[in-house]
Structures are given as C-alpha cells and as structure tokens.
Amino acid sequence: MLRPGDGYATLLANPPRPSWWVACRRPLLHAVVLGTALAMAATRRVGLGLVISVTSYWSVVAAVQWLAAWLLIRSRSERRLPTSSAIDLSLVANAPWLVCYVLFAAWASFPPPQVRGGSAYLLPLLAWAWSARLTFAFCRTVLDDDRATAWRRTAIQQGLLLAAGLSAASAAVQLWPRIIAWTTQ
Amino acid sequence: MRYARAGAAALLAASAVLGSMATPDTPDRPLPTIDGWQILAADFHVHAFPGDGSLAAWDIADEARRQGLDVVTITNHNQNLAARLIAWVPQPSAVLLIPGDEVTAPAFHLAVVGTERAIDWRQSVPVIADEVHAQGGAVILAHPTREFPAAIDPEALRAVDGLDVAHPIAHSGRNARADLTGAFERASRIHPEAAPIGSSDFHTTVAMGICRTYVFVRDRSRPAVIDAIRHGRTVACDQNGRTFGMPVFRTAVESLCVEAAANRRHEPALARVARLAAWAALVGLICLGNGAARLPNVRAGA
Chain A
0 MLRPGDGYAT
10 LLANPPRPSW
20 WVACRRPLLH
30 AVVLGTALAM
40 AATRRVGLGL
50 VISVTSYWSV
60 VAAVQWLAAW
70 LLIRSRSERR
80 LPTSSAIDLS
90 LVANAPWLVC
100 YVLFAAWASF
110 PPPQVRGGSA
120 YLLPLLAWAW
130 SARLTFAFCR
140 TVLDDDRATA
150 WRRTAIQQGL
160 LLAAGLSAAS
170 AAVQLWPRII
180 AWTTQ
Chain B
0 MRYARAGAAA
10 LLAASAVLGS
20 MATPDTPDRP
30 LPTIDGWQIL
40 AADFHVHAFP
50 GDGSLAAWDI
60 ADEARRQGLD
70 VVTITNHNQN
80 LAARLIAWVP
90 QPSAVLLIPG
100 DEVTAPAFHL
110 AVVGTERAID
120 WRQSVPVIAD
130 EVHAQGGAVI
140 LAHPTREFPA
150 AIDPEALRAV
160 DGLDVAHPIA
170 HSGRNARADL
180 TGAFERASRI
190 HPEAAPIGSS
200 DFHTTVAMGI
210 CRTYVFVRDR
220 SRPAVIDAIR
230 HGRTVACDQN
240 GRTFGMPVFR
250 TAVESLCVEA
260 AANRRHEPAL
270 ARVARLAAWA
280 ALVGLICLGN
290 GAARLPNVRA
300 GA
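Each protein sequence line maps, in turn, to chains A and B.
Numbering-wise (numbering that gives the first Met the number 0), the first sequence opens with residue 0 and increments by one.
Numbering-wise (numbering that gives the first Met the number 0), the second sequence opens with residue 0 and increments by one.
Don't read these hints as lab results, they were simulated from the structure.
These numbers come from a predicted model, not from an experiment.
Warning: the hint list may mix true and false statements.
[What the hints assert, rightly or not] Rough simulated footprint, nothing fancy, chain A against chain B, three-plus residues with beta-carbon under 8 Å:
1) 1 to 15
2) 60 to 69
3) 266 to 274
[Claimed, not checked] Stretches of chain A that chain B covers, calculated by requiring three or more beta carbons in the stretch to come under 8 Å of a beta carbon on chain B:
4) 72 to 84
5) 99 to 107
For every residue, glycine included, the Cβ atom is placed at its ideal position computed from N, Cα and C.
Isolated chain B (complex conformation) (with noise of 0.2 Å):
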C-alpha cells in the first residue's frame, strides 16, 4: 500500500512537470498597431484569491499570458484586497494588472478599473462614477442583464464609461444575450461614447479572457487604457469570435477575436496527457493515501 501511495504522489508530480513542459512560457508577442494606435486585449473583471476567485494575482497574471491577454482588472465584490496583491507580482509583468473591484448592489454591478480605494456600495451609479472617476479610473456596467434595474436607468446609463456586451452570461439564454446587446445599444444613444466590453468574469471554470476587449492606446499604461475605456476606444469580443463596437475598431481586430477563441479549442496533446495523469494520481491518493477510502471494505476486527 505504502508503495502504491508513494506511486500516486510520484504520478502526481510528473503529470505536473509534463504539464509544465507542454505549456511552456508565453513569449513576448509584439503588439498589433494600427495608425499608431497599440491593440491591447484585456480581461476588466477577473475575480482573485482572496475572494470567490481561485487563483491570487500572480497567478492570474501567468494565466492570462497565457490566454493571450495584455490587461487584466482583478475585481472582487466589494473589496480590493486581492487587487492589493498586484504589488507581490514581479515587476515589469508581461501583463498590466489594474486593481480594481466589482461594486456589487442590489440593482447594479459595476466592475471598476483603477481604483485603490474600495467604493461603497450604497449609493447610485452616478455617485459611485463620480467617485471612480475622482481616483483616475473607470466604470464599467457589469453584465446589466434584466434582473438589474440599472440596465434600463438612463442616469445610471449616462453616468458609466462602458457596458459588458460581451460576457459568458450570453450563453445561458437567449435573453441575457438580447439583454447585453439592448442595454448597450441604449447606453449608446444617451452616451455615444460608451465603449463596448467584453468579460469574463473569471471565478474559477470560466477560461479567463474568454470574453475579451481590445483597447486602442498610445502605450502601454494604466491611465492610457482607462483612456480608451472613457472614449469608447474599444471593441469587444464575445467566445465565438464575434466582435461588437465602432465598424472602424472592429474591422481591426476582427482577426484577432478569431484568432482568439481558435487558440482556445487548441490544447497540446502532451498537456492533456498530463492533466489526464493528474487526475487520476489525485484519485489514487485518496483511494490509497486516505484511511477513509479504505472503510467500505473493512470489518471490525478483520
């Protein structure tokens, strides 16, 4: 039994060394530049350890390398101590970590990016965006579906820089996605410059960028990116590859969304070898590392 164990953490650890093997790091990707502009494709509400997210920052900073993102926003309910983990990520990252947090109320959700301070949530939308705004950052309308008053509230409206267009809620029916699409599209005519997102909400089973937004910069920076959130200069990208925003930012990038989610159907098939191999080293070690797994079969006295 002992060797059967010691067999299941050995299996263990090399799944995790092929696993390391098959994804091997991320090299530096140039960015794509249009008529000066820098494309970034960012991810404005990541949920992080400490919090209902799974991985702490440093670890969303390697994932999202690896899904191809150059800014994540790591937005917890509420709180921003997660956010105030980005200090523990070395420094210069591949990946611009914003802090930030998902001002969670009953009639709204707003993922803010750049904020240090945690925002309150009772108060109204135009309140908190002034606030926001005050500390240098932006305010996003997170995923305003129909069980969000805010949605259909013209000052809510007018008084956020974005809306989630794109967000994996979308494909839990057809009227998250028509709610999505008809919020925006009413933010748009009080506020031509709303800019369209997408999300991905990312907790712990959704791919991180899996809904994605492009931003249109000067460089590579954090006022330069709220920037672009404040001036519509975005485009967002839903997980089928489909883009939602001004015709002349989306002609831009309508490759790289699709590019995007083709690169997320594609798994190197040493990396699913090894998750395979972990799986199962992870039911050997309960079934032969754990006394209790044993019970089933055993007898008083036998």
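Isolated chain A (complex conformation) (with noise of 0.2 Å):
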C-alpha cells in the first residue's frame, strides 16, 4: 500500500479470472468486517446472530462501493480487464477502510468504557485520503490512464463518495439545526 502503482503492477500481471464471485468477494469482506467491527464497538461481544444481522444491514455501504466500482471502471471505454476482475482490482482500494474499522473496533471495544480516549474521528479522514491514493493508482495502472486523466476520474469517483457518506451523515445526525446553533451561538 505504500506503492500502490508497484503493487497494482504486480496484480495485473496475474488479474484474478472473470467470474461473479471475483466481483463480489471483497465487497463481502468489506461488509463482513464493517458488521464484525460495529457488532463489537456496540455491544463489546461477537454473536453469530449479531454479527449476520449487523453485517447484513450495514452491507448497504460495501454496496454503495461496489457501485462506485463498477462506474469508475465503465467510465473508460477501453478496457484492459473484463469488468468483474476490474471491480475487484479496484476494490482493493478499500483496504484503508478495513483498517480503520477494526482499528476503531479495537478502540472502542476493549477497554473498559469509562477509559476510552482519543479521538478516533481522524481514522476514517486518514482512510480516505489513503483509499484515494490507491484509487489513483489503479486508474494510472489497470485502467491505463495519463496522469491528469487518473486525477479527474479519482476525484470524481471519491468526489461522488464523499458526497454520499456527508448526506448521509449528515441526514442522519441533523447537521443543519446544529450548523444554526454554532453560527448562531
């Protein structure tokens, strides 16, 4: 991850063969780990029963990337790979994001409730600039785009993210109440 082009080099020398389950393994690693991660932050256990109900609804996320995926690929008309194995060369992209979630695991679920410090809002910041590099990488190696071109489409791709993952938040904690309250206080 710390030369992405190096290493996505080394991937499309020997790309993973076209199938569906090609296209669909990481996305359910994703989901696997976000459901395991959160399952422990919230509760401080694992559960069968737990850890596939959590991972199913929040699977929407591995989803929402898959999607982000699959339209950065089609946007080149060209295209080295057939799509599935192109998903998941992209989709290795999202490694920075299975980190920070089972680094926030960690933090939130193993010490005693009362200790828990820090600040873990910087984690998902860091894991999407770092998720952003890769994505520019894979657009300069697999998808064989100049330099400027692989900027546009990394920007657009984790542009379009960025917006999603803010609305959503956004919506979902009421941001536009407290925005009065700040500015207004």
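Bring the two chains, given one by one in their own frames, into a single complex with the hints.
Written out as structure tokens, the structure reads:
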C-alpha cells in the first residue's frame, strides 16, 4: 500500500479470472469486517446472530462502494480487463477503510467504557485520503490513464463517495440545526 | 495463502459461535415491585439504524435485554424511520420498544417518547410538548447543558415532562454534570412533577443503559410508562450507581442501580476470549484476504 503503483502492476500481471465471485468477494469482505467491527463496538461482544444481522444491514456501505467501482470502470470505454476482474482490483483501494474499521473496533471494544480516550475521528479522514491514493494508482495502472485523467477520474469517484457519505451522515445527525446553533451562539 | 485466509474466516466463525455461547439468552427476570408498583428499567434515548445508530430495532431489543433493560425508546434525530422498524421485532418481546424521536433544534434536543409521527423541530418547546401530548407521548429535555438555551428557559422547563439528570455527557467534565443537575433543580422549582431521567444516548460506543431510568408503573405497557414520566414517578441512575429523584422512589431502586453498574463491569472470560479472537480474525482476513495488504512488499515484475 505504500507503493500502490508497483502493487497494482503486480496484480495486473496475474489478474483474477473473471467470475461473479471475483466481483463480489471484496464487498463481502468489506461487509463482514464492517458488520463485525460495529457489532463489537456497539455491544462489546460477538455472537453469530448479532454479527450476521449487523453485517446484513450495514452491507449497504459495501454495495455503495461496489457501485462506485463499477461506475469508475464503466467510465473507461477501452478496458484491459473484464469488468469483474477490474472491479476486484479497484476494490483493493478499500483496504484502508477495513484497517480503519478494525482499529475502531479495538478502540471501542477493548478498554473499559469509562477509559476510552483520544479521538477516533481522524481515522476516517486518513482512510479516505489513503483510499483515494490507491484509486489513483488503480486508474494509472489498471485503466491505463494518463496522470491528468487519473486525477480527474479519482476526484470524481472519491468526490461522489464523499458526497454520498457526508449527505447520509448529515441527514442522520441533522447537521442543519446544529450549524444554525454554531453560527448563532 | 488460501489456507491462511480460510483459517482466518474459520476463526471468525468460531469466535462468533463462542461469543454466542458466552452470552446465552438472558432469562426473563421477575420485575421488582414495591407497594403495588412494578419497577421497570428504561433507556429513553437510543439511536438506531437507519440513522446515526449502529444497531437496528431487533438488535437493540436483544442488547437491551442483555443490559437488563425492560423498556427502550428509539429516538433518531428528527425522523422515526428506524423507530418504525419496531414492527419487525417479534412480539411479544421481553423488551418494550417504544417509538419516538429526538427533536433536534438549535436551542434544544428533546427525547420524545411514544409518538408515531416525527415532530417538526422548527417550533418552540411548549408547542412541541403540546403536539407530543396530543399524540399520547411524553417529552424529555435531553442533555440540558449550557450550550442549549432551553436549559435555562422557564417556558421550556415548564413544558417538558422530564429532564436528563444522568447522561454519559456528565462524565465529560465538571461543567456538564453541574449543568444537568442545575437544569433539573430549576425545572423542579417550576414544575415539581418533572421526571428525573437517566439515558445513555446510545449510538455505538457508549453502552446502552449505562445511564438509565427506573419507572414505577402499574403494568408493563406503553401508556403506563408514559404516564409514569408525565407524573414524575421515575428515578435516574448514572453509570456509577448514583440515583436522582424523590427519596421515596430512590430508596426502592438504589440497590438495582448499583447492581446494574456492577454487572456492566463483569464480563465472562469466554466472551472476552471470543472478542479477542474475532478481532484477530478480522486482522487476519484483511492481511490475508485483501490484495492491498500485500502491496507494500511487492514490486513490479516480482
């Protein structure tokens, strides 16, 4: 992940064979890691029913990531790889989010509730920046974009993901009344 | 590598099974009673999925039961979509799930209990309280700290049925704790039946029921719970086992509050092992099951 261009070149040299499983395996991993991490953080326990249940409804996040990868790949008319293989390689860029979830689960579920400290809010920011860097490498290497096109494609895809994430979060926490409060106090 | 990945997946499955065994179904416990009143443990401020909570209604019911709660209100910010999922929870459930929402306005947050329709936040506290009462619900001034002007507004304090006096925010600093008790004292002078409330404001990381409310009811039903809030038959319980409320009610639940705090600190060793194993399995799955994790060590053509 530190030299994503080299890594992607290696993966491209031996790409996964196209199949529906190849297109779905990383979203599945994403959903399982997110679901388990949230179950652990929320209840400080793991249980089969709980993990399956939380994973099922939070898999919407993995589905959105899958959709974003599909759109990114379909935005290129000439492709070096079949769509499912390209989606698989594109979703490698989600690895920073998986690391983020696991660190969050550790932060939230291991210390006693009263001594959880520090700020976990920087983690998503780092994950997003790192993921964008990997997506850029994907565009350069797998989609064979020139530098400017790769930046543009990465910016559009990550911008859309960020906008979707922020919109959902803003609606969930009702950001607008809070902004009014911050600006009027 | 493939075997290592399969091993990590198997470890995750095994830890989930182990975790299930470590936390068996909580048996129905007899409700404590005093002078004909049943005492229910409630958390009136819980966020759920979809929204900014991490668990959906049916998982909230399970977690509430594990935390020894009898009543939970699902209160998402200015919407009741998640609360409507209560209909998906198998009934009768051991936990009484009550729909509601957290009316989130610039000057106040109100935990609304027992409403079917979301309340418009662009109204004053008294108007909202009237609307909630018309729907058969109750209104709680949530975490009334100094950043919310309603905490010192006599009209708002007169209109609400109860106020958070035990809330995890109290442990974020001396000011917050003083703010909560100060707001409750002001409200009690204006409105002697104001109900002391303890709530967790559960989203993800703070345990559900860490602060809770004991309500004194004639029967285990939604109208009875709302009636208890509206008539101040409650005791707030904080995460350290401290109680707030009328002495006659506090005496009845002091031991329950201390016991709840002690139960939270106790965790079976098997559950801890399962959690650690699950976490290790996740790390394994990421490192072994994701090409990206192998990227640092590879070079083009290697």
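Inset, instruction - State whether the coverage of the region 266 to 274 of chain B by chain A holds or is violated, taking the criterion as 3 or more residues with Cβ-Cβ distances under 8 Å. - result: holds (count 4)
Legend entry - Three-residue Cβ test at 8 Å for the coverage of the region 99 to 107 of chain A by chain B: Coverage by chain B holds here, the residue count being 5 at a Cβ distance below 8 Å.
Inset, instruction - Apply the coverage criterion to the region 72 to 84 of chain A and chain B: a residue qualifies when its Cβ sits closer than 8 Å to a Cβ of the chain, and three qualifying residues are needed. - result: The restraint on the region 72 to 84 of chain A is violated, since only 0 of its residues have a Cβ under 8 Å from chain B and three are required.
Inset, instruction - Three residues minimum, CB to CB under 8 Å: does the region 1 to 15 of chain B make the cut for coverage by chain A? Let me know. - result: Our answer is that it holds, as 4 residues pass the Cβ test (under 8 Å) against chain A, meeting three.
Legend entry - Outcome, coverage hint (the region 60 to 69 of chain B, chain A; C-beta under 8 Å; three residues): Holds: 3 residues of the region 60 to 69 of chain B have a Cβ under 8 Å from chain A.
Consistency with the previously given hints fails for number 4 only.
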